[in-house]
Amino acid sequence: MAGLELRNIRKSFGSTDVLKGLSLEIADGEFLSLVGESGCGKSTLLRIISGLEAPDSGEVLIAGEVVNTASPKDRNISMVFQDYALYPHMSVAQNIAMPLIMARLPLHARLPLVNLVSPRARSIKPVIASEVEAVARQLRIEHLLNRRPAELSGGQRQRVALGRALVRHPKLFLMDEPLSNLDAKLRVEVRKEITELHQSTGYTFVYVTHDQTEAMTMSHRVALLQKGELLQLATPSTLYADPNSVSVARFIGSPEINILPVSVGAEDLRVGTVVHPGLAFNLSSCVQIGLRPEAARLVGSQDVSTDFKLAYNRHLSEDLGHEVLLHGTLAGVQDTPFRLRVSQAIGQRAVLDTQEELFVGFDCSDLLYFDAQGERLRDARFSMAMREAAQ
Amino acid sequence: MNGDSLVRPEWSRVRLAYFLSAPASFLILLIYVLPILAVFMISFTDYSLVYDGFSFVGLDNYKQMFTDRHFLTALQNTLIYAAIFIPGAFVLPLVLAIAIQRRRRFRSILEVLYFMPVTSTLTAMTLVWRALLDSNQGAINNLLVGLGFGKVNWLGDGDVVLISIAMVSVWGVIGFNMVLFLAGLTAIPKNLYEAASIDGADHPLDRFFQVTWPLLAPTALFVSVNTLVTAFKLFDTVAVLTRGGPDRASEVYLYLAYLEGFENFNMAYACALSLVFLTVLFLVAWLQTRLGDRRRTHA
Amino acid sequence: MSDIALSQPQPGFLGFLVSLKPRSLADAIGTCLLFLGAWLVLFPFVWMLSASLKPANEVYDSEFSFWPETFMGGVNYYGVLFEQPYLTFLANSFIVCIGILIVQLITAVPVAYALAKLKFKGKSILFGFVVASLTIPINVTSIPIYLGLVEFGLLDTYFSLMFPFFVSVFAIFLFRQFFRDYPDSIIDAARVDGFSEIEIILRLILPAAVPALAAFSVFSVVAHWNDLYWPLIVVQSQNKMTAALSMLQYQSDFDNDYGRTFASATVVTLPMVIIFLFARRLFIRSITMTGVKG
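Residue numbers (this note's numbering), protein chains in the order written: chain B, 1 to 391; chain P, 1 to 299; chain C, 1 to 294.
Same shape as in the complex, but just chain B:
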């Protein structure tokens, strides 16, 4: 059974269509990231899932039930906000206890003063307290329970927000860019912790981020959104190796993929100064190719082992130690930057250090072919090979 299902969700703010009929399905226990540039609709989608906003049309199903009209509290979901949205006037313990108090105490027992005398409140408070403590222990913040949010560091606040979300054992765990307010080092750390949390709880996670690294490292599958539409929903490795369009190819991967204009003849393919004859399949509508910076390699001036070999005009190199990142252009395509990752490991570095003139070599099977609209042109042979390579 699907943990979450969205059917043809539409939403517009005034005259701007933010979501244009979006459907997707998330398996129970899956970790799915919604990723895209700001304004792509990913946060709106999350808010629609949570019930903070209603879709203009379409259906939201949680665990097989349509919840379109259900209020957030009836959906049994948790949400971690970008800036955590901790209640500043409550202690950490009170913050974490909030969802339990709301769920288990009747309204009158929650009111100030009345809650002091309500027998129900009295009997249930210790239970809640022990559950809060258990969650705090799990997140290693039990020593902070009496502090206020203002007295905590960013990382600690983050944990409190996680605690408040965890304590109610939700069906669905929603996170809205939860790492964006942390510094780089902490981000990597918390990233790992969230992944572990997902593994230990087995909840269904929906994670919104603009950071592809977060999306790629944490999720089972990534949904890439652009301008309110789902570009591709796939595992991280598929998104990387087998993108559906130029947009996906560009968004995923750092440094960015090289996109080069090409011209296609009857049975040949021209990239820059080089024409490769004998294409075995029809690519007549192909106008651009994509080539990952590590898919090409430096070759010697005499080397003829690759389908393409082009002179490389290096503008700048960034030495990262384990690899060197080259910025430059290929002969015949001077207008288009070409990035190249030269890895220490496979002996490419030696070529870079010894050769005066650089040549870049790559094969037809290394290329991703796109038409004028940026749609991927797939050749059965190649994509099979790539899938194997990816796995």
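Warning: the hint list may mix true and false statements.
Said to hold, decoys possible - Taking lysine to any residue and the SDA-like style, the derived pairs with C-alpha atoms no more than 25 angstroms apart in a straight line are:
(1) C/Lys123 x P/Leu30
(2) P/Lys233 x C/Thr288
(3) P/Lys233 x C/Ser133
(4) P/Lys233 x C/Met289
(5) P/Lys190 x C/Met289
(6) P/Lys190 x B/Phe13
(7) P/Lys233 x C/Gln236
(8) P/Lys190 x B/Glu151
(9) P/Lys233 x C/Ala223
(10) C/Lys121 x P/Ser12
(11) C/Lys123 x P/Phe282
(12) P/Lys63 x P/Phe44
(13) P/Lys233 x C/Ile138
(14) B/Lys125 x P/Val211
(15) P/Lys190 x B/Pro88
(16) P/Lys190 x B/Asp56
(17) C/Lys123 x P/Leu16
(18) C/Lys119 x P/Leu16
(19) C/Lys123 x P/Pro23
(20) P/Lys190 x B/Pro112
(21) P/Lys151 x C/Phe66
(22) C/Lys121 x P/Leu16
(23) B/Lys125 x P/Asp202
(24) C/Lys121 x P/Phe19
(25) P/Lys151 x C/Leu40
(26) C/Lys117 x P/Leu16
(27) C/Lys123 x P/Asp293
(28) C/Lys117 x P/Tyr18
(29) P/Lys151 x C/Phe43
No wet-lab data here; the hints were simulated from the structure.
Add chains P and C to chain B, keeping to what the hints say.
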């Protein structure tokens, strides 16, 4: 003099600072410091503008208060007035602010309408209120009679007059406090309400008690202190509406001090009254800082 | 403030409405109640305006109708403006308010800058006096100031009307807060660029402080236009009477022509209401400024 060249920018800045502060400092001395000292001194004398000469009488002016029937009446009137005025001036604007803040379409226009009395000249509007509250032909009594109630002698009945004045004052201050509450409400992050709604607190009462009220507390403290001080400072409405009548039933503290000082020319006694008043104001201000500090360290 | 309300995304609100569908009726009732309340709050203004158009014998008619049977508006207002000295009263109020404001700004801005950005001995003592003076109302210091004015024979002059307000400790406090938030790095950069301190104040700080200056100006003008207490003490003759003070004359049935009475009340109230309608934001900011920063 040679070493001066090193520190010159600082020196010239210090000189500039004195130059910039001089006019205001001189005026503060003249308008606040010396008068307060004078009030203090005069309050220990029997000085009056209409008699020549004066002598020191020690604490006599202060002792006189405890036996002065008018003083005790004025004190009592002020407290009764405050007890009627403050709840109205606090609760009504709070309710209005919460009701208006949620609205998108009518928010601006409602804000303007409720704010109108704040901008108006209270002395002129009090004149209007005197006509509306007129016991025989005023619009309010006409309305009461129309609804089947009896007439109320709003300004002539000693038991009612403070309520009438409080009513006019509340009318004048609703917009003011409402704007303060609106500012406080607007400053509450929207995502706290969202977090609360995810946590299950989506009943209006939960929203209010779990989020709005605690986060509005600093504003509420400011508004209540401000309203308290406004209550003690009541003068204009009394001066126009009743002149303390009937039979001193609406004579409040500052009005008494004014009468003693500028009608009866009991300057020394008026000074003692003023100083007691100032002491109360300082106490309130001190209390406010204390409460504010505590809140801040706890927040 | 309503800027913020407007910038709230519409869908959030619509979504909110959707989630509240069964209660939209309650919402409509709430809106009606709010407007009913607004009508009650505004009624005195409506009544005043209406009375100012009526002959004396109609003002207290038991059946209230906005439009008079006999239209006397022209006569009433003509009487107020040209037969009674209301133009003088208005001019007096205007002179006093503007005079006070100008001196307040001239005295407050420099000292506020010194307190905010310069280091000098006695700074904290001076600031202490400013803060302490914030609590002192004119009602407490009126007697010595009055006696001083008597001593110099200055009663019943514009000077006497303005003098106690020549320095506004509130303005100093407010501007100091405002200036303190101005980045030091920009001031240092200006010093490096060769600005003198005076130029820094005039060309950097003042332009940046315009919102605070404007809001305070509104606050000050309104406060002194409406002030009754001090004019009541120092004004002795009709030709120095302020508009607000003039209202007190009707207490002793100064004028039995009720229509004309309320025409004069309208004339006195109108200037501030007009300023409010045109400078609503400033008005509201002038109030929130008192409360937001403490």
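_Broken hints, by number_ = Failing hints: none at all.
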